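Full structure from sequences and hints, please.
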Amino acid sequence: MSRQSAISAVRFGYGLRPGEDAPSTPEGIARQLRSAKSEVLLFPCEGVEAVRERAVRTFNKRRDTRKTLEGEPLREALRTIRQENDQRFRDDVNARIAQSVASPNGFSERLASFWADHFSVSFRKNEDMRLFAPLFEAEAIRPNLAGNFATLLKSATLHPAMLFYLDQWLSVGPNSARAGKRGLNENHGRELLELHTMGAGSGYTQTDVRQAAFLLTGLTVDRGAARTIFDDKRAEPGTFSILDKSYGAERDDIVEIETFLDDLASRPETARYISGKLARYFLSEHPPSDVVSNMIAVWTRTGGNLPAVYEAMLSASKALAMPPQNIKQPFDYVVSSLRALGVDGNSLVVDRKLGNLVSYWLQRLGQPVWDPPSPEGFESGRASWVNGNQLAGRIVIARNIVRKFGGAPDPSLLAEHALGPLLTENTRTLVKRAPNRMAAVTLVLASPEFNLR
Amino acid sequence: MSITFNPTRRALLGGACSLAAMPLTTRFALAEGNGDNRFVAIILRGAMDGLDLVQPYGDPAFRVLRPELAMTPDSGLYDLDGYFGLHPAARDLYPLWRRGELSFVHAVSTPYRNARSHFDGQDILETGGNGRAGQDGWLNRAIGLSQQGRLRAIDVASESDLILQGEQDAEMWSPKADVPIAADEIQFFEALYSRDKDFARAFRQARSADMSADEIFAGEKIEASTEGLARLAGGFLRENYRIAAFSINGWDTHAGQFDLFARSTNNLSTAIMTLRREMGPAAWGKTVVLAMTEFGRTARQNGTGGTDHGTGGCAVVAGGAFPGGRVMGQWPGVGDGELYANRDLMPTGDIREVAAAMLYRQFGLDAAALSTNIFPGLDFSASSVFVRA
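In the order they appear, the protein sequences are chains A and B.
With the first letter of the first sequence counted as 1, position 234 gets the number 234 in the numbering used here; the numbers rise by one all the way through.
With the first letter of the second sequence counted as 1, position 372 gets the number 825 in the numbering used here; the numbers rise by one all the way through.
If you are wondering where the hints come from, they were derived from the structure by calculation, not from laboratory data.
Heads up, some of the hints might be wrong.
Straight-line distance between alpha carbons at most 30 Å, and here's what the computed BS3-like set of lysine-lysine pairs gives [unchecked claim]:
(1) A:Lys318 / B:Lys650
(2) A:Lys61 / A:Lys125
(3) A:Lys277 / B:Lys739
(4) A:Lys154 / A:Lys233
(5) A:Lys432 / B:Lys650
On a predicted model such as this, the values are computed, not experimentally measured, just so you know.
This is how it looks when you write it as structure tokens:
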């Protein structure tokens, strides 16, 4: 295995399975974006359409139940609905992990994680988010991660999951027809500027935040249809000036909001903020500045064409040459460990107990699926994930992984397959000397080089 | 006490200016030679609404700003001083107030103004003013500067808090952590991490905190709840740890604040009461707990029964080592023209001054170091109102 290929596997993918080889060129990595399109997604387990139908059914059932029952029978019936919803959600979580374990298109998988984290939503926000969080990734993020940023931004911003998560669905214009008890909520307006596009401190003001919040009024969720709608009775009338441009003259549909999102997507601050974030995520916490400025230039030239921006990152000479340095996040750690041991992703879906166990490991390490700590997503730096508590957790889980999925017949061979030229002499020697197979494999998975990318 | 709010004279009083008349002798001795003091930092993540926790019910303007959220002693608020009242979800803390083991500092914030990003706000709060660029936390920098020598510190969390990250060794543990590593394996792991200083340090921390946890809790399982975190922190502090930090999430109350805030406040009460119980009277008597948040929230409730990101906030000071039972700070009022940007509680004090004063009181840290190294740009002196309190 070449060094480029080993680096490409860990830096731009979820690591190697035994017998698998990773692309050794930027073109090879980028090709995964195309081949990912023909993959059948493992989640949501029932498929996107069926989950949407179930969301509608669940909503109606809950509404009817509330009308017909009361007291303990009502609570009991609601509990049953909730439990079924919970169970299906846990299955989707397991399938989400299985997806990354199984997919041969590691770069596309990593991008899906990146963008789902960039546009964070959490299943905890309300009961319906157990349906909408998996849908969000499956229909708003994944189909758009190899297109134009503006398209991705619009699909994420306008998805019911985001409207729930950032309280947008409740926001009502204070001078709208629906004003009264309810009014404006500026959460979504703020995160749109701060986290999703321009970035904190990039020059927008509190007035811009507030004006954006006014413009977004009207966006809400029709639970009965499980979709986003524009309710002009909630929309604040008038025009709104955001970053020196006026919006809202035509306030009876979503078009003005989409125009605003297109404008945000094409701002230079957005190009800078997201290019830098991509480079930090994939390359290094301190990415080479020439690579980032090249990504920004490509972004500007192509109007935010994401594959072109990715290619600018991949084709930098350092991309496949710099030694691994970023710490793997817990999700990456667990997924790459399972891949190194040759675990069949489907087993996490077929065997619910096994899937639940792996989900629990992610929770234990601080990165449960679809449950980021805040709209900013998960921490990514070395300081957050290299510490006593985390390392202790990884050692324990490495052991459990080996216990559950079997130690490799030959731990030294496993080390060579998983790390190739990245395996250090130090680790190689220790693995050989370990008192037993299980200890030896644990040492591979717990080694610094396996935890870096 | 002249530094307690006197709302009728608040334009004149409050804060440092009223202290001129106070005798210079203070009720606390410098921590020199006293190696027994403790300090706990609790980060309330998501911007805790100080105006909900400690409500200025004596100001009629308050009810106008918050028709659904404002309470009075008649509707459940615990009266503090005839002007401020404590949210009913904090009722467990009320006995501490009466006993002089609890105070509040109102209208404080970091130097962070008018941007209202949680994440930047938290970074500035935890780095002591540097933001993320600083990369290390003020409590970490404080560890090595004590006249008592290096203070043993523990972060109880599943992800480490920036406030304790940095060059100084701070251990980290969570209720879920447990590394049963056999003695004969330890040398393997030590060798495994010997070539990478970050991993080597992390492994040392894991071993050290694990042994302590085993000693303190004798193998008992601690739950991964706020109560569990507080138990862990309390247990470590009862023994030979002097500094602890942890976080309580859930304060970002944009919608439906009434229930959300009560839940988080209940968590905060549980955390403080659990610390006190777990530490026992001797250690608690030498402890200051400082709970702080990245910024306050809008003075007006918003259209969805919540509040949005604001500026001036409120800090909670508990423990037996600080004479409590007071609402401190310079109260700016919430009437017309008194709000910051016509929307937030006006910040009149720097939360970092409160933190600096607690470090000074507890560990005798050098005032100059507190103004430069630990809290860059803070003008801290030993005559701070929070030192003389």
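Verification of the supplied hints:
1. A:Lys318 / B:Lys650: Roughly 24 Å separates the two Cα atoms, so the pair holds.
2. A:Lys61 / A:Lys125: holds, 20 Å
3. A:Lys277 / B:Lys739: With Cα atoms ~45 Å apart, A:Lys277 and B:Lys739 exceed 30 Å; violated.
4. A:Lys154 / A:Lys233: Holds, at about 22 Å.
5. A:Lys432 / B:Lys650: Measuring from Cα to Cα gives roughly 23 Å; hence the hint holds.
Checked against the numbered hints above, the structure breaks only hint 3 and satisfies the rest.
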